[in-house]
Amino acid sequence: VALTVLIVASFMADRKLADARSAEALQVRVTGHQWWWRLEYRDPATGAWIETANELHLPVGRTIRIELGSADVIHSFWVPNVAGKMDLIPGRINVIDITPRRAGWFRGQCAEFCGVQHAHMAFDVKVETQAEFDAWLAHQASAAAPSQDPVLARGALVFDTKCSACHVVRGARATGRAGPDLTHIGSRRSIAAGTLPFSRGGLQGWIAQPQALKPGTMMPAVSLEPADADAVARYLESLK
Amino acid sequence: VTPEIPLPDAETRHRQLLATWGDAPGLWGFLTTVDHKRIAARYVLTAVALLFLAGLLAVDMRLQLSQPDMGRMGPQGYNEAFALHGSTMLFLVSVPVMEAMAMWLVPLMLGARTVAYPRLAAFSYWLYLGGVLMLWISHAIDITPDLGWFEYPPLSGPAYSPGHRVDIWAQMITFSEVAALAASVNVIATILKMRPPGMTLGKMPLFVWAMLVASVMTVFALPSVMLVTSMLISDRMVSTHFFTPSGGGDALLFQHLFWFFGHPEVYIIFVPALGFVSAIVETFSRRTMFGYVPMVLAMLGIAALAFGLWVHHMFAVGLPRLGNAFYTAASMAIALPAGVQIFCWIATLWTGRLRYATPLLWVIGFILTFVIGGLSGVMAASAPLDLQLTDTYFVVAHLHYVLVGGAMFPLFGAFCYWYPKATGRLMSERWGKVSFALIFIGFNVGFFPMHLLGLEGMPRRIYTYGPEMGWGTLNLIATIGTFISAAGGIVFVANAFLSMKRGEPAGDNPWGGGTLEWATSSPPPAHNFDDSPVVDSAVPLWDDKGELLVMTGLASDCREVLISSAVDAVPEYRHKSPTPSIWPLIAAVATSILFVGSIFTPWALVWGAIPVGAALAAWFWPNRPRAGDADEAEQSE
Numbered sequence: 013v014a015l016t017v018l019i020v021a022s023f024m025a026d027r028k029l030a031d032a033r034s035a036e037a038l039q040v041r042v043t044g045h046q047w048w049w050r051l052e053y054r055d056p057a058t059g060a061w062i063e064t065a066n067e068l069h070l071p072v073g074r075t076i077r078i079e080l081g082s083a084d085v086i087h088s089f090w091v092p093n094v095a096g097k098m099d100l101i102p103g104r105i106n107v108i109d110i111t112p113r114r115a116g117w118f119r120g121q122c123a124e125f126c127g128v129q130h131a132h133m134a135f136d137v138k139v140e141t142q143a144e145f146d147a148w149l150a151h152q153a154s155a156a157a158p159s160q161d162p163v164l165a166r167g168a169l170v171f172d173t174k175c176s177a178c179h180v181v182r183g184a185r186a187t188g189r190a191g192p193d194l195t196h197i198g199s200r201r202s203i204a205a206g207t208l209p210f211s212r213g214g215l216q217g218w219i220a221q222p223q224a225l226k227p228g229t230m231m232p233a234v235s236l237e238p239a240d241a242d243a244v245a246r247y248l249e250s251l252k
Numbered sequence: 005v006t007p008e009i010p011l012p013d014a015e016t017r018h019r020q021l022l023a024t025w026g027d028a029p030g031l032w033g034f035l036t037t038v039d040h041k042r043i044a045a046r047y048v049l050t051a052v053a054l055l056f057l058a059g060l061l062a063v064d065m066r067l068q069l070s071q072p073d074m075g076r077m078g079p080q081g082y083n084e085a086f087a088l089h090g091s092t093m094l095f096l097v098s099v100p101v102m103e104a105m106a107m108w109l110v111p112l113m114l115g116a117r118t119v120a121y122p123r124l125a126a127f128s129y130w131l132y133l134g135g136v137l138m139l140w141i142s143h144a145i146d147i148t149p150d151l152g153w154f155e156y157p158p159l160s161g162p163a164y165s166p167g168h169r170v171d172i173w174a175q176m177i178t179f180s181e182v183a184a185l186a187a188s189v190n191v192i193a194t195i196l197k198m199r200p201p202g203m204t205l206g207k208m209p210l211f212v213w214a215m216l217v218a219s220v221m222t223v224f225a226l227p228s229v230m231l232v233t234s235m236l237i238s239d240r241m242v243s244t245h246f247f248t249p250s251g252g253g254d255a256l257l258f259q260h261l262f263w264f265f266g267h268p269e270v271y272i273i274f275v276p277a278l279g280f281v282s283a284i285v286e287t288f289s290r291r292t293m294f295g296y297v298p299m300v301l302a303m304l305g306i307a308a309l310a311f312g313l314w315v316h317h318m319f320a321v322g323l324p325r326l327g328n329a330f331y332t333a334a335s336m337a338i339a340l341p342a343g344v345q346i347f348c349w350i351a352t353l354w355t356g357r358l359r360y361a362t363p364l365l366w367v368i369g370f371i372l373t374f375v376i377g378g379l380s381g382v383m384a385a386s387a388p389l390d391l392q393l394t395d396t397y398f399v400v401a402h403l404h405y406v407l408v409g410g411a412m413f414p415l416f417g418a419f420c421y422w423y424p425k426a427t428g429r430l431m432s433e434r435w436g437k438v439s440f441a442l443i444f445i446g447f448n449v450g451f452f453p454m455h456l457l458g459l460e461g462m463p464r465r466i467y468t469y470g471p472e473m474g475w476g477t478l479n480l481i482a483t484i485g486t487f488i489s490a491a492g493g494i495v496f497v498a499n500a501f502l503s504m505k506r507g508e509p510a511g512d513n514p515w516g517g518g519t520l521e522w523a524t525s526s527p528p529p530a531h532n533f534d535d536s537p538v539v540d541s542a543v544p545l546w547d548d549k550g551e552l553l554v555m556t557g558l559a560s561d562c563r564e565v566l567i568s569s570a571v572d573a574v575p576e577y578r579h580k581s582p583t584p585s586i587w588p589l590i591a592a593v594a595t596s597i598l599f600v601g602s603i604f605t606p607w608a609l610v611w612g613a614i615p616v617g618a619a620l621a622a623w624f625w626p627n628r629p630r631a632g633d634a635d636e637a638e639q640s641e
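Chains as they are written, first to last, in my numbering: chain A, 13 to 252; chain B, 5 to 641.
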């Protein structure tokens, strides 16, 4: 009898989780990469996709439809405080509807073993009010503005020559797609999919010694003159 | 059965039988033996050695996780450690050790002289040893598998795992599964065709029932995993794209095929443990089992359900929700037969006159941990709840509660219980209790906190975590628990070794057991029984207060066994059992060369088959006289 009750309860809970919600749900695309997250938001006005990485912002109380895909191996999308897991499987698109109830910062984490750096494939989640979210999304949609500051200009130049094969900064010349979109990296909370908290020093360390901080990461060490390293870190920090 | 010719006296027959069934002395005898007891003992010792090695890996991993940001092992080292730990424990320890116990015990419980296919038993062991050596020699030369005990493509495919680490893992499975299939067929044939007159299916000891069920499950489940790892190897070697989405394959196909095997496998490990528990409960409560028929039906129910719930390992892959609900119901339904068994044991213990020796302590430890493991299993079976629990430490805790608590504790109990039969000496009870206490306490201290860690969001298979996660304290407790149980393990093994020389002589039946293995001497002679027993109950030694009923008519000057009918055990004919032979070893070596060679080139399947074929031809060369030609029997094969 107890089992029957449990089975029925489990079934009802599952139906509730799977309930198709309103069609005007916010659409988000999450793509797993070894070992970071590509995030894309559908612009409600234009229908264009707005790209960012490793930091997911969600409006509180609204249903978000997340499409999950993978660029390489199987990953699993999991924000324990917001919703259960769903796998990201190459060749398939999984859909999960979530409705965050509580505002605040949460941590998400890949939950399916995906290779040597599975442990450092996390992301930050910020659940915020609709107004905050709209402002954030509009900002993410904008391109980076070129700076007149000579140090930042120097940093942008070095970034374009050394980093642009893999990274994109919209509004600049960097258009690589292999790594995360860095257009607004300066506004994010952490570096390298939750490996270390965001700071200029952290960026410098990450650029110089990624294999020491996250052994096995796809990011190669980039050797720069100290002045250039500082300029690149300042430039990235300025990409708010 | 009336003898037609006058029998030689008992003493002469005993000597004749020893000469007939004994092995050649020395190394040659070691390599050629087909004595099921010697082979099974090797199996058990190999598995125990691996249990120790894989346990060391667990200690190593626990040290790495004991505190946040530990630098003891890098990610590669940690990934190799959990892959090797899991693969060894699941494929090379748990399944083989259960088969080995069956290979040792089943003929003795049936009053038979040997197993149905003695040479196949030798082949099983040698091939299993080949798999063990391949995996652990690979580890020694740093080509350790590093993707866990189930290696999902595309991660394990050629694009993301170049090199041979995955091939070693996949081929290790081929080794262990061929060996396990051979052993299972052997156990099934022995149980169905070699029971003593009178032992109908309804009078078989429950352990024999358990092994019959587990072996039939093995025969149905294992082809699936051999298929899936072979597909993985061909994806890797000849680009077949079974699992590559861009080539028209499907990454999920692997998971379905793997878990169609993987879930029954858990019960293939667990059902024999039910048999151990039943045997121990019966002897130490000194009464026959309460509910024999429900026990058998429960085992059959578990076996049937086990094949219908593999999807509960895949609730998060995005299958249709209604389908998930079906598998939730099937998974929870397992609790019913499992519950029936628990209640039958409790009823037996409740109404029996208990004797608290070490084997019974292990059984009580088993019941306690298994109930916890069962409850966490019911939790994880619920699809919506599992979406939070799966791939976290909650699952790590659950699987260790059911596999260690549910299968290893009964195994340790069985080890203590049958140790005097195998060695002729008793293990020290005092140290036995110490080792039980240490392992039981250490296990619970080590694994219970993992439930909480899982609920706090700690995913499995991470080599480190940051201090901000707040998982440090519970992890430290878990590590301490691991050390306590490791100490208990050392006490257990030391006790077993020292008792071999120093233990008190056991006599034939130290525990007062009721099944046939206690009727022969300890350790049993090469031919097991001087006189083949005849039975009329499930506990013949308890019912026949005087002499055990025996039959005559089997030759003592050649290897003859009695074949009986599958259901009613009516004697059918006398069968000539094979003599010792070197060919099983040579065939196993040839097969190993084929398997290892096929990691490097598909052509190994072609040229590697030639020596295998030659060895098999020599093995089966018809140079044995058929049954009935007793007078011409040659022992010179």
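Just so you know, these hints were derived from the structure itself, not from any lab. The reader is advised that the hints may include incorrect statements.
Some chain A residues close to chain B (C-beta under 8 Å, calculated; not the full set) [to be verified]:
| # | residue |
| --- | --- |
| 1 | R104 |
| 2 | H130 |
| 3 | A131 |
Nothing here was measured: the structure is a model prediction, and the numbers come from that model. Note that beta-carbon positions come from the ideal geometry of N, C-alpha and C, so glycine has one too.
Compare the structure with the hints numbered earlier in the document and write down the numbers of the violated ones, lowest to highest. Hint check: nothing fails, all pass.
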